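Asks: Chains A and B are the protein sequences, given in the same order.
Residue numbering for the first sequence follows the numbering used here, beginning at 1 and increasing consecutively.
Residue numbering for the second sequence follows the numbering used here, beginning at 1001 and increasing consecutively.
Hint data in this document are derived by calculation from the structure and do not stem from the laboratory.
Mixed in with the good hints, there may be bad ones.
Stated by the list, open to error - Some chain B residues near chain A, calculated using beta-carbon distances under 7 Å: (1) 1043; (2) 1064; (3) 1065; (4) 1083.
To be verified - What follows is a list of derived Cβ distance ranges for each label pair: (5) A:20 <-> B:1067: 23 to 31 Å; (6) A:97 <-> B:1063: 21 to 29 Å; (7) B:1028 <-> A:45: 17 to 25 Å; (8) A:67 <-> B:1102: 15 to 23 Å; (9) A:60 <-> B:1098: 22 to 30 Å.
Unchecked claim - Below 35 Å or equal to it, Euclidean Cα-Cα: the simulated DSBU-like pairs (lysine-lysine) are: (10) B:1057 <-> A:57; (11) A:78 <-> A:57; (12) A:112 <-> A:78; (13) B:1013 <-> A:69; (14) A:69 <-> B:1057; (15) A:42 <-> A:58; (16) A:42 <-> B:1057; (17) B:1057 <-> A:59; (18) A:78 <-> A:58; (19) A:69 <-> A:57; (20) A:42 <-> A:59; (21) A:58 <-> B:1013.
Note that the structure is predicted; figures quoted are calculated from it, not measured.
No residue lacks a Cβ here, since even glycine has one placed at the ideal position from N, Cα and C.
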Amino acid sequence: ILNVEQSPQSLHVQEGDSTNFTCSFPSSNFYALHWYRWETAKSPEALFVMTLNGDEKKKGRISATLNTKEGYSYLYIKGSQPEDSATYLCAFPVNNAGNMLTFGGGTRLMVKP
Amino acid sequence: KAGVTQTPRYLIKTRGQQVTLSCSPISGHRSVSWYQQTPGQGLQFLFEYFSETQRNKGNFPGRFSGRQFSNSRSEMNVSTLELGDSALYLCASSQDGRSGNTIYFGEGSWLTVV
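Only chain A is shown next, with the shape it has when bound in the complex:
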C-alpha cells in the first residue's frame, strides 16, 4: 500500500496571502504526480501532472514543484482569492500501466475575504 501524505490538513488564510502545501510520496518507482482542486459539489479539477524531477508548472496564480529523489511536491498559491477555497489533492499512480491513483488526504484551503 502506497502512502501519500499531504500537509497541512487544513489552512485558513486571508485574501491576498500567499500559501503553500506539501505532498509526500514514495520516492521509489516514481511514475507521475497529479494535483487536483476539488470544490464542493463539483468534479475534481486537474491542475497539473508532473513527471520529471525538478519539474515546475504554473497555471495562473498556482504553481507546483516536484522533487522525485526526496519524494515531495509543493503547491503554491500566490495572492489567494476567496474562489481558491477548495480541497487540494495530490495523487500518485501505483504503476505505469493504468489510472490506478492513490490519493493523499487533501489540504482544505479556506480564504477569507
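Guided by the hints, dock chain B onto chain A, whose structure is given.
Replies: Using the frame of chain A, we list chain B on its own:
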C-alpha cells in the same frame, strides 16, 4: 468538448438491493476508472477498464463489479448493498491510461443506502 458524465447523480437504495451507475468518458478516451469517496477513507480506487478489459483492481469485495462497452462507456454495479456502501462514486477517464496522462473526473454519483 463534453466532460465525463455520470448518471444518476443522486440515488437512494435499500440495504440488500443492487445498484448500477453509469459513466460516459470524454470522447476519444479509452481508459475509465472508478473511485469511492467516503468521509472516513477519502478517495479509494475501485477498478479501471481499458478497451473493455479490467486492467487494475482495488481492494474491494466482489460485490463491486464493473464493465466497459465498445464505445468506452462504463458501468459499475454494487450488489447486496450495505449501509457502508453509502458514498460518492467518481468516474474518471483518460486517453490511454498511461501515468503521464491527465485524468479527468466526473461530478460523481451520490449513493445513500438506508
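Asks: Each hint needs a verdict: does it hold in this structure or not?
Replies: Checked hints:
{"no.": "1", "hint": "1043", "verdict": "holds (4 Å)"}
{"no.": "2", "hint": "1064", "verdict": "violated (15 Å)"}
{"no.": "3", "hint": "1065", "verdict": "violated (17 Å)"}
{"no.": "4", "hint": "1083", "verdict": "violated (23 Å)"}
{"no.": "5", "hint": "A:20 <-> B:1067: 23 to 31 Å", "verdict": "violated (42 Å)"}
{"no.": "6", "hint": "A:97 <-> B:1063: 21 to 29 Å", "verdict": "holds (26 Å)"}
{"no.": "7", "hint": "B:1028 <-> A:45: 17 to 25 Å", "verdict": "holds (20 Å)"}
{"no.": "8", "hint": "A:67 <-> B:1102: 15 to 23 Å", "verdict": "holds (21 Å)"}
{"no.": "9", "hint": "A:60 <-> B:1098: 22 to 30 Å", "verdict": "holds (26 Å)"}
{"no.": "10", "hint": "B:1057 <-> A:57", "verdict": "holds (31 Å)"}
{"no.": "11", "hint": "A:78 <-> A:57", "verdict": "holds (14 Å)"}
{"no.": "12", "hint": "A:112 <-> A:78", "verdict": "holds (15 Å)"}
{"no.": "13", "hint": "B:1013 <-> A:69", "verdict": "violated (47 Å)"}
{"no.": "14", "hint": "A:69 <-> B:1057", "verdict": "holds (28 Å)"}
{"no.": "15", "hint": "A:42 <-> A:58", "verdict": "holds (22 Å)"}
{"no.": "16", "hint": "A:42 <-> B:1057", "verdict": "holds (25 Å)"}
{"no.": "17", "hint": "B:1057 <-> A:59", "verdict": "holds (33 Å)"}
{"no.": "18", "hint": "A:78 <-> A:58", "verdict": "holds (11 Å)"}
{"no.": "19", "hint": "A:69 <-> A:57", "verdict": "holds (18 Å)"}
{"no.": "20", "hint": "A:42 <-> A:59", "verdict": "holds (19 Å)"}
{"no.": "21", "hint": "A:58 <-> B:1013", "verdict": "violated (43 Å)"}
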